[in-house]
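Chemist: Letter by letter, the chains look like this.
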Amino acid sequence: MPVSSLDRRRFIQIAGAGAVAATQIGCGRHQIALGQRREIPTTCELCPNKCSVIAVVEDGLIRKLNPNPENPKSRGMLCARGNAGLLQVYDPNRLKRPLIRAGARGEGKWREVSWDEAFDYTAQRLSAVKEKYGPQGVLWSSTEAFAEVFFKNLGMAFGSPNIVRHPTLCLASVNLAYSMTFGTVPSFDLLNANYVIMAGANRFEALITPDTMDLIESTMNRKTRLVCLDPRFTVTASRADEWYPVKPGTDMAFILAMLHVIISEGRHDKEFVANYCQGFEQLAELVKQYTPEWAEKETEIPAADIVRIAREFSDAAPRAVFYAGRRSSTYQNDFQMRRAQAILNAVVGNWDREGGMVPNAKIALGEYMFLPWDDPQAPRVDEMEKNFPLAAKGDGAYLKLRENVLAGSPYPVKAWMILKQDPLNALPEQAKTMRMIEQMDFIAAIDIQMSDTTWYADVVFPESTYLERLDPIEVLSGIWPVVVLRQPVVKPVYDTKPCLDIVQGLARRLGLQQYFDYTIEQWNDAAVKELPLEMPLEYLKKHGVYTPPGGPKYGATLNPEHRFVTKSGKIELYSERLQEAGHDPLPVYQPPLGPPEGRFRLVLGRKAYYTHANSTSNPWLLDFAPENHLSINPAAAASVGVADGDMVEVSSSVGAVRLRARLTQEIRPDCVYMLHGFGKQSPWLKRAYHRGGSDAAILETAWDKVSGNAAMHETFVKIRKV
Amino acid sequence: MPKIEWGILIVNYLFLGGLSAGIYFIAALATYLQEKDETAYARIARYGAMMAPWPVALGSLLLIFDLGNWWRFYKLFVHFRWQSPMSIGSWLLLLFTALTLVNFWAWLPEERRTALVARLRLPRWLDRDLAGSRRLLAAAGFPLSVGVAIYTGVLLGAVQARPFWNTNLVAQMFLFSALSTGCGVLILALSLNRKRLDATQLRFLYTLDICLITLEFFIVLPYLLHGELSVEAVRNSLALILGGPYTLVFWLLFMGTGLLVPLAIEVWEIAPALGSGAPLHHNRRLAALAAVLVVCGGYLLRYIFVYAGQLSSFSR
Amino acid sequence: MSKSHKFRFVISGLAAIAVAVVLTTAVNAGTPQPKGNEGKGRYYFKQTCKECHTKGAEGGEVTPLTKTTAQWKAYFLKGKHAGGTEALTKIMPDTQILDVQTFLVNHAADSLQPETCGK
Amino acid sequence: MHDKRYALVIDSRKCINCKACVVACRAENQVPLGASRDWIGEEHRGTWPRLLAAFQPEQCHHCVNPSCVRVCPTGASYQRDDGVVLIKEEDCIGCRYCMIACPYNARFFREDKGVVEKCTFCAHRVDRGESPACVETCPSKVRVFGNLADPAGKLQQLLATRQFHVMKPQTGNDPQIYYLL
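Chains as they are written, first to last, in the working numbering: chain A, 1 to 722; chain B, 1 to 316; chain C, 1 to 119; chain D, 1 to 181.
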């Protein structure tokens, strides 16, 4: 019998939010002629996909967000979060005006202040830290956003080397592995591929545009064969033609065995390899040892299937891809696993071919030329040069950075500026992040809601939500790139400001105004001036998105003249740079540690009802999963005496959370799973407050050795009924 | 899984509507049957006339208060929709309630009537003797009371989305159950009369009730048999009372103490009179017990059907 | 040429020699990167060089990817512009040359430029 | 035969249970918090590692013989000529008979207004020439909305070339959501 997870019949009366609140707020503030209906195109900000939306505004109130079909990346869709985005604007619990902490940190006593006071106070506290510890004593951390550039620039102009961005909690290992192989990170043409292998990527639950839509289209039209490797029976697994509950951490053995079959049977694209790749001989030599029979023991995938999949994959090439996936590192050798993927893709010659792996096309935007500043005097506190010499230095390495800040080495960092980020939930080992917060003399956060981390700030700057502000114009890269505009569809409902205004307010008081003497309009004017449009800005305001004509193009790099942005100028199967840095120049397999007796591997994933840890308080979304559970196989649950619905304590070496157990056949018995984004401690996140548990509290600190990316599957937990 | 939308108020309403219909029907029968140009069972007729209006009036109020917008209930009488059992039922209820009130008036002793008119400052023309119309009112009551009683079952039985209900046997079941509860209330009224037990009238009610309970029993049985031999959805829905959440209340409380036990008591009561025409056992307590059990059984039947029916549905 | 100009010319000449010496050492030593300000270099490159070095313009398109690290190092060692006909110092104040060089070398065709998420 | 008969064809295999349709409907129709006019039915079965998970978008089926309309005592529930089943809020007395009569449990009771509510096929949008919000927003384009009476329309085309089933046909309601197999 179908079980609906949703209790629809009688609605639960929850005080205050939604359309009712919208009506109340809107009527008070804006004098707009009744009956006026406008449709304003803009760009979503509920997740990193940045889909194009059309806001329907009636009487000054946002009534509905519709998908904008003009954007070929979002393919005329808007997901649950995108549809729920308008409640960000009308959330009665959002940040409404600047706040300065009045009680002890975390006590929740705030004083509403003017913007001037917030700026003055922050500038004074930052200057004090700078005086005592130097500009490097201030850490600037941010998550990806169109306006992130302003915040980052303020940190750099301030003189701090310690700008830490989100990639080492995100895709750093993928990006680095593909960059080191191809000189760039390509997209995967899932719409036209005939054979797709996904390992650990859950494209049908964690949505990525256009990949999700393309893959469902191509697989469900029985055109594309989808092979899925995942320790959980995800929605992606349920839609795959073949699913293998691979032993966690052994994906690389599977890939290497595929390479073994393909190369030993001469199934690789010999011409492509000869013309575009270097290091094939060393690769062939390396993978000789990785037989399918060996891989079967590692992965628990039958050798015969590995052989068959390798043959089918190479037969389908170039319309065959081993999908890179989009997640943070799983294990400490994640970079090497990603390299193995990249190499597998390279040798079957799917590079820059329809249905293959395609380098992202570019659209050049103009730049507003602001004055450059001096380089920082101090080295980075995370010592990127020493620890991760190959990684993207401007991003930093978050976990290593936290270690060094806590150790006060090589120097003290005593103030923390945070943009749109919730490190308490985003980083493993919450207790350590809390210690980092505690050792800060000063913390200021720019956010739209009172996240757990913002709760511990000394000053809170309320940013206008994405529907209330003009952001820098951006290019969304891809096989078919687009230019998108995010423009305000309503005036700010509360006393909030966009990021640039906040940055400028601070810059003025820090004596850095000369680096920010432009408006967002000037910035955007400069950005669009080279677009092949007559009135580019007007066009974008009207359409929200500019799509270059002609559609996807393939094969631009497939000429012998083309130089890949690698050391050799070729696709580097074998990497000298890796060798120089002391890493394996070719991916060498290391078996993962198995769970000790009585413990389970904690595996993580995302579901697109929520973006990371930041939309669980949205009333239109929360009822899809009002709290997170511990998913555990019944056989495993029986071994620890846990029944469905029992409250359990999930503990690791760094912490414990309490959750209800949900017994499910859809997970390997040696793994347990919990959804991210729960266990909120900020009371202002009213609906999410104290629901479920935060995975950050129990994840242990571990990172990928090459990229510094947080490794999220290295934690073994104990389960105890309470 | 569907949820319960119609709750205890509706159970009460279906029960009370049926109860009034039953009382009225029995009383009308008592009025209509004559011996030597006299009403054969005058006390039953009078008790019935006095009691019949109130359950249905209360039930209708409950129905109205169960509405999401009770002040819009007048809309029921702005429209007539012949396909909607509820629309037909509303009109039936309206007519029936009016009839019970007129009948009440016709059976009210003169001095009380006059006093009531004076106390309530009713128009003087109301103070009129309608005793002569009692047989006419009784005759008019047969179709209306049967209509109301059967409608409470049709209301459920007409819903093809609920396999538990979707058989015409539900309407008959509710009809006989309604008449039986009416009988039960009248037995109770007679047995509570301190003066004396009127053997003739009581035997009339016992006999009638034994017939009604037997009829009801032989509708419940085919309901179960037919259901078990019917399509999958109906079989599945019967599982609610044959091994599901309502099994105990159905078999033990309804079939057992609500149907068979009172039947047994009543048979025992009139047993001496069966062969020889000897007097009844005349056990006042047993009579009251049987009556209460019959009434409770009728209530439980509606409870079981309203709740279990809503939980039943087609699976695909 | 005015006195101050002459003075600046001399100084820039000296600076160029100094830079050249430093660079020669650098190239000879192997891989050390120039220690200018990359951000400023980018700014000057866009402000000055991109005037002529864009697609269709008189100088033809030049980007950091136009040359490899070694080629850029050699180019700046030579310090000649416009097909070797003109000193770089005529185009750009000498103080900026090191910055531009740093930018170009750091982003040369064979440099390590891992991509990131967002910008 | 009317020249318009709106209906939905749903390719459930494409449904990934992302709930975009549910939230789009909530926003478009200002559905009260906690309630939904459309939802995703889920089916999970099997034993590790042989498993199945299937999803089925559901909402009002806008039946040809809508039992909800039949049982409504006031005529608040009615059907338009184009097949769309609607509720006149001002005529709804809140008796909830229609909810009980609906084989699909597609209706819910709105306590703040005391009336019954359900999917309208976004009639207000459709009348403007747009598609229902759930149809428009769907990432995998599971739902195809259109005019069944149009012999050359996309619905007839799909139904002519694909196998399909409808839910609970035994009720005789003749539901107008066609699920492709």
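Note that these hints are calculated values from the structure, not bench results.
Predicted model, so just to flag it, every value in this text is computed and none were measured.
Every residue gets a Cβ at the ideal spot worked out from N, C-alpha and C, and that includes glycine.
Among these hints, one or two may not hold up.
Stated by the list, open to error - Facing chain C, according to a computed beta carbon distance under 7 Å, are these residues of chain A, among others: (1) Leu176; (2) Pro372; (3) Lys553; (4) Ala556; (5) Asn559; (6) Glu561; (7) Arg563; (8) Val565; (9) Asp584.
Chemist: State for each hint whether it applies.
Modeler: Here is how each hint holds up against the structure:
Annotation: interface hint on Leu176 (chain A) holds; nearest CB of chain C at approximately 5 Å, less than 7 Å. A distance limit of 7 Å between C-beta atoms decides the matter here; for Pro372 (chain A) the minimum to chain C is near 4 Å, and the interface restraint holds. Nearest Cβ of chain C to the Cβ of Lys553 (chain A): about 18 Å, over the 7 Å cut. The hint is violated. At a threshold of 7 Å, the smallest CB-CB gap from Ala556 (chain A) to chain C is about 14 Å, leaving the interface hint violated.
Taking 7 Å as the C-beta cut-off, the interface hint given for Asn559 (chain A) is violated, the closest approach to chain C being about 15 Å. Hint status for Glu561 (chain A) relative to chain C: violated, with the closest Cβ pair at about 12 Å, above 7 Å. Taking 7 Å as the C-beta contact cut-off toward chain C, the hint placing Arg563 (chain A) at the interface holds, the least distance being around 5 Å. Restraint check, Val565 (chain A) versus chain C: the minimum CB separation of about 6 Å is within 7 Å; hint holds.
Among the interface hints, the one on Asp584 (chain A) is violated; its C-beta lies about 17 Å from the nearest C-beta in chain C, farther than the 7 Å criterion.
In this structure, the hints that do not hold are numbers 3, 4, 5, 6 and 9, in rising order.
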